[in-house]
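Peer 1: Take the given structure of chain A and dock chain B to it, following the hints.
Chains A and B, in that order, give the protein sequences.
Numbering-wise, our numbering comes out as the position in the first sequence, counting from 1, plus 12.
Numbering-wise, our numbering comes out as the position in the second sequence, counting from 1, plus 4.
These aren't lab readings, by the way, just hints derived from the structure by calculation.
Check each hint, because a few of them may be wrong.
As the list claims (entries may be wrong) - For the chain B half of the interface with chain A, some residues (derived, Cβ under 7 angstroms), not all of them:
hint	residue
1	Lys9
2	Asn14
3	Gln45
4	Thr93
5	Ser99
6	Pro101
7	Ser103
8	Asp250
9	Lys252
10	Glu253
11	Ala254
Since the model is a prediction, treat every value here as computed from it, not as a measurement.
The beta-carbon is built from N, C-alpha and C at its ideal position, and this holds for glycine as well.
So the chains spell out like this:
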Amino acid sequence: MSEETVLDIEGLTKRYRNGRGVNEVSLRIARGDVYGFFGPYGAGKSTVMKIAAGLVRADRGRVRLFGTDVAEDYERAMKHVGVLIEKAEAFEYMSAYKNLELAARLYPELPRTRIDEVLELTGLSASKREKVGHFSLGMKQRLGIASALVGRPELLILDEPTNGLDIEATVDLRTLIFRLASEERITFFLSSHLISEMESICNRIGIIQDGRIIREGSWQSLKQASGQSLESYYMSQIRSEKGGETNGAAQAIDRQ
Amino acid sequence: MELLKRSTVNELAKLYARKKTIWLLLVALLLPFAGLPVVRQLQNGLGIAGIASDQYAVTILNAMTLFVLPLLIFMTASDMVSGEIGDKTIRSVLSRPVSRTKIYAAKLIALFAHTAVLLLLVFVASEAAAFLLPDARDASGGIGEAILAYAAAALPLFVLCTAAAWVSLGFKNASGALTVCILLYAAAKGLALVFPSYMVFSPITYMNWHQLWLGGAIPAGRIFAIFSLLLGCGMVFYTTGYYFFDKKEA
Chain A
13 MSEETVLDIE GLTKRYRNGR GVNEVSLRIA RGDVYGFFGP YGAGKSTVMK IAAGLVRADR
73 GRVRLFGTDV AEDYERAMKH VGVLIEKAEA FEYMSAYKNL ELAARLYPEL PRTRIDEVLE
133 LTGLSASKRE KVGHFSLGMK QRLGIASALV GRPELLILDE PTNGLDIEAT VDLRTLIFRL
193 ASEERITFFL SSHLISEMES ICNRIGIIQD GRIIREGSWQ SLKQASGQSL ESYYMSQIRS
253 EKGGETNGAA QAIDRQ
Chain B
5 MELLKRSTVN ELAKLYARKK TIWLLLVALL LPFAGLPVVR QLQNGLGIAG IASDQYAVTI
65 LNAMTLFVLP LLIFMTASDM VSGEIGDKTI RSVLSRPVSR TKIYAAKLIA LFAHTAVLLL
125 LVFVASEAAA FLLPDARDAS GGIGEAILAY AAAALPLFVL CTAAAWVSLG FKNASGALTV
185 CILLYAAAKG LALVFPSYMV FSPITYMNWH QLWLGGAIPA GRIFAIFSLL LGCGMVFYTT
245 GYYFFDKKEA
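The following block holds chain A by itself, in its conformation from the complex:
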């Protein structure tokens, strides 16, 4: 495959004071990929995503976005990236529209109509003048997604975007991701606990446990080799890792 690499993570290591963190994480996401990043709580998913978005500094390793090192030229690297980490945090004393205006102002070339576009996309048009403090968790999460989308990103880093969403909104989000990936060729790097929801939209997956990537590759080829659903495959990998059955070869990265 000679696809353009959008996100390139190399030997990422970060150790927190509590001993948690990630160790020598490497992964590569090509344009158009919908990359599902899975792992148990505390495995290091958010850490990798936060480092990729420049919110946390790595102890070692490198993150390149569209060929630019995040640590060297942050503005250029992040120019086409939208981010939603863990929970959407908005300014609660402002309306949804005003919150998006804050975000949109930082993309000088953006037309003002873009705010209404993303409100429409995320189903928040009717509540755009309401203060975010009055929003439900699901509405706040939709606003977080709208805010990530406002700058017309080519890569979306979404950490648990389905947090707080009800079933209908989760299905809507899945449809939206599918549409943005197929029609607008937006690349996704997303983590979620709703693995079965993600199976139909991810073309590549990475499984992280205890700060190490234990499996990574094309979901299509992993599925063919294992003959399992994504959920069963994930469980088998996590259990075999816990059982100490994983050897060095298991860490080999399948880049098909």
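Peer 2: Just chain B, lined up with the frame of chain A:
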């Protein structure tokens, strides 16, 4: 430069979208009028030669730079820095294609601009209130000197802004940062009274340096020395503040 300007507009938009900010501006606007009964009491009731109406704006500035304006700056800085760190809204700011250098600079510029607005409001309100004093005919007499005093007072207040932002970076909630800012300020003021010779290097000692600009002979040497000290302190607070902000994990 464009992104710095846009980030500053964002900081100001967030600041003035808060009801608290508007209320505090209103308080700053009303305080000069609240001082009128005290002055009238001194002049009429007790027969003490009180404050001449042409000196009222400067007298109000002397009083406001002692505690009220620093308090308003601490409240704004703690909300703007530790408030955003605490409620994690800082993530939505840091994950945009804007460098941390510009984000921190934008926060400080917005804080300076807000301080300038506060000074302007207090000045206008004081000048207006002076016309309600018994000798109101002279009220417009000292306006030139008052403008000079208010302009000069901005410098130590700007330094205080950089110091307040610096302190706020160490906290994850605005109330904790505010409390520590107030305690440190009170301690510096108290120490300046007890050990005046040791506190000549503290910028807090010069909150009233605008008084040096008033009167016939302006002490140029002393003004230059204090200006240099305030500028140096401001630069140290700003650069170390930026260093910590740049290292901050969100």
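Peer 1: Does Glu253 (chain B) pass the interface check with chain A, least Cβ-Cβ distance below 7 angstroms?
Peer 2: Where the cut-off is 7 angstroms and the nearest Cβ of chain A is about 5 angstroms from Glu253 (chain B), the hint holds.
Peer 1: Holds or violated: is the Cβ of Ser103 (chain B) closer than 7 angstroms to a Cβ in chain A?
Peer 2: 5 angstroms, holds
Peer 1: Less than 7 angstroms between beta-carbons is the criterion; does Lys252 (chain B) satisfy it with respect to chain A?
Peer 2: For Lys252 (chain B), the interface hint is violated, since the closest Cβ of chain A sits about 9 angstroms away, which is over 7 angstroms.
Peer 1: Does the interface hint hold: is Asn14 (chain B) within less than 7 angstroms of chain A, judged Cβ to Cβ?
Peer 2: 5 angstroms, holds
Peer 1: Gln45 (chain B) was flagged as interface toward chain A. Is the shortest Cβ-Cβ separation under 7 angstroms?
Peer 2: Since chain A brings no Cβ nearer than about 40 angstroms to Gln45 (chain B), farther than 7 angstroms, the hint is violated.
Peer 1: Tell me if the interface restraint on Ala254 (chain B) is satisfied: Cβ within less than 7 angstroms of some Cβ in chain A.
Peer 2: 4 angstroms, holds
Peer 1: For the hint on Lys9 (chain B), just tell me whether its beta-carbon gets within less than 7 angstroms of chain A.
Peer 2: 10 angstroms, violated
Peer 1: Tell me if Thr93 (chain B) is really an interface residue toward chain A, meaning its C-beta lies closer than 7 angstroms to one of theirs.
Peer 2: Holds, about 5 angstroms.
Peer 1: Would you check whether Asp250 (chain B) satisfies its interface hint, that is, whether its CB is within less than 7 angstroms of any CB in chain A?
Peer 2: 9 angstroms, violated
Peer 1: Identify whether the interface hint at Ser99 (chain B) stands, where standing means a beta carbon of chain A within less than 7 angstroms of its own.
Peer 2: Cβ of Ser99 (chain B) sits 4 angstroms from chain A, so the hint holds.
Peer 1: Using Cβ atoms only, decide whether Pro101 (chain B) comes closer than 7 angstroms to chain A, and label the hint accordingly.
Peer 2: Holds, because the Cβ-Cβ distance from Pro101 (chain B) to chain A comes to roughly 4 angstroms (cut-off 7 angstroms).
Hint compliance for this structure: hints 1, 3, 8 and 9 are broken, all remaining hints hold.
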